[in-house]
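*Asks:* Protein sequence lines, in the order shown, are assigned to chains V and W. Each residue of the first sequence is one higher than the last, beginning at 4 in my numbering. Each residue of the second sequence is one higher than the last, beginning at 4 in my numbering.
In case anyone wonders, no lab produced these hints; they're calculated from the structure. Be aware that one or more of the hints could be misleading.
For identical chains, the list gives no copy identity; a pair is met inside one copy or between any two copies.
Below are the EDC-like pairs computed for lysine to aspartate or glutamate, each with C-alpha atoms no more than 20 Å apart in a straight line [stated by the list, open to error]: (1) LYS158 with GLU186; (2) LYS203 with ASP101; (3) LYS225 with ASP101; (4) LYS159 with GLU188; (5) LYS225 with GLU70; (6) LYS203 with GLU44; (7) LYS203 with ASP29; (8) LYS159 with ASP130; (9) LYS203 with ASP43; (10) LYS203 with ASP143.
2 protein chains.
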Amino acid sequence: MQGTTEEARAAAYTPTDRTVPTRSADRASYDRELVHAILDEGYVCHLGFVRDGAPVVLPTLYGRVGERLYVHGSTGSRPLRGAADPGLPVCLTVTHVDGLVLARSAFHHSINYRSVVVHGIAHQVTDPEEQRLALDALVDHVVPGRAADSRPANKKELAATSVIRLDLDEVSAKLRTGGANDEPEDLALPHWAGVVPLRKGYGTPLPNADLAAGVELPDYLKVL
Amino acid sequence: MQGTTEEARAAAYTPTDRTVPTRSADRASYDRELVHAILDEGYVCHLGFVRDGAPVVLPTLYGRVGERLYVHGSTGSRPLRGAADPGLPVCLTVTHVDGLVLARSAFHHSINYRSVVVHGIAHQVTDPEEQRLALDALVDHVVPGRAADSRPANKKELAATSVIRLDLDEVSAKLRTGGANDEPEDLALPHWAGVVPLRKGYGTPLPNADLAAGVELPDYLKVL
Chain V
4 MQGTTEEARA AAYTPTDRTV PTRSADRASY DRELVHAILD EGYVCHLGFV RDGAPVVLPT
64 LYGRVGERLY VHGSTGSRPL RGAADPGLPV CLTVTHVDGL VLARSAFHHS INYRSVVVHG
124 IAHQVTDPEE QRLALDALVD HVVPGRAADS RPANKKELAA TSVIRLDLDE VSAKLRTGGA
184 NDEPEDLALP HWAGVVPLRK GYGTPLPNAD LAAGVELPDY LKVL
Chain W
4 MQGTTEEARA AAYTPTDRTV PTRSADRASY DRELVHAILD EGYVCHLGFV RDGAPVVLPT
64 LYGRVGERLY VHGSTGSRPL RGAADPGLPV CLTVTHVDGL VLARSAFHHS INYRSVVVHG
124 IAHQVTDPEE QRLALDALVD HVVPGRAADS RPANKKELAA TSVIRLDLDE VSAKLRTGGA
184 NDEPEDLALP HWAGVVPLRK GYGTPLPNAD LAAGVELPDY LKVL
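All chains, full assembly: derive it from the sequences and hints.
*Replies:* The structure is reproduced here in structure tokens:
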């Protein structure tokens, strides 16, 4: 369903004033597939909004359905209440740190990373069907396929949960890859230069103490 | 030097309206040591500020010196220019994802995490000595001890680099730990429940292609 819509879309997001960086513009990308891949690999986003004129940045779970991102929270949460009509201006950012870049010069030390920044207006989801799809996407974002292997939200839980939607429209990715870029006159210095890769590691799953007898670890957790 | 100052401080930050969460207040902490530990373990922060009335959240490197955080960038960067007098209201957030929490119910899925949120006014660093200390802290944040094993910034690099300072004053940590908290009536459901731990993994350091002959991998990278 979503696939057909996506195939008809352009392969890249259209840059805007806000999504063209003032520096290192060569590190920016608007490629739709790349943006989706970076978003899908993350666990938390950093959601920014303005409260009383000051910025607030909170880490939170998110999910993606095609060109829509969803964030959820208690109906009592301040940012989610703020997303009622006419919506809340937000900036949602997801970042992966891929490596530590050690240069001979202090100045050229850096981090290899991939990030996505989404600007837009977050809207409260009011359609019950969209709310259900969004909550499934949030659970499947934690572990793909997990929504189908859990007890769906009941009426009380749905009523207690507020979901906001942010369309992927004003979007950019930014990446740094590769080794250290030292000045030519520093190349002979005796300091080691290169990259220390960083990667996500999964530990052995820890079953809940109150897990019912006979419940086995599902296959989708064995492949993490 | 900094140690003496810190020992004289209270063991906890004073909560404010902005640092007391409206929900899950039991997950909040103001413990100074805990806040420092979470900050020191991160590689990038998410820096939020307001531009033209809208929020912007960008990932960036940071460093800590006692009760001060430093962020740097090109002198041409928009947020850093905005930190000239009287300063720029910012929110700086650092988050670690420690585990995936799988509950029997979709509703109780979660993430184990540790985060720190700092609110305040960022000021441009104009004192050359403080700028040097801040840049050392930024390099040592990537790898402790690395600043002493690299070529310090020269005048041209210092002139091209803008550093902003954010004092640790209005600060809170937030943590979720432990297993899934399912409803009593869901405990017998056949879905696996528990935590998949996530941890940072370091790969084998990759030397730069242009590394001078005979430069060995330093000991401080062998212990990562």
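*Asks:* Against which earlier hints does the structure fall short, listed by number upward?
*Replies:* 5 and 7
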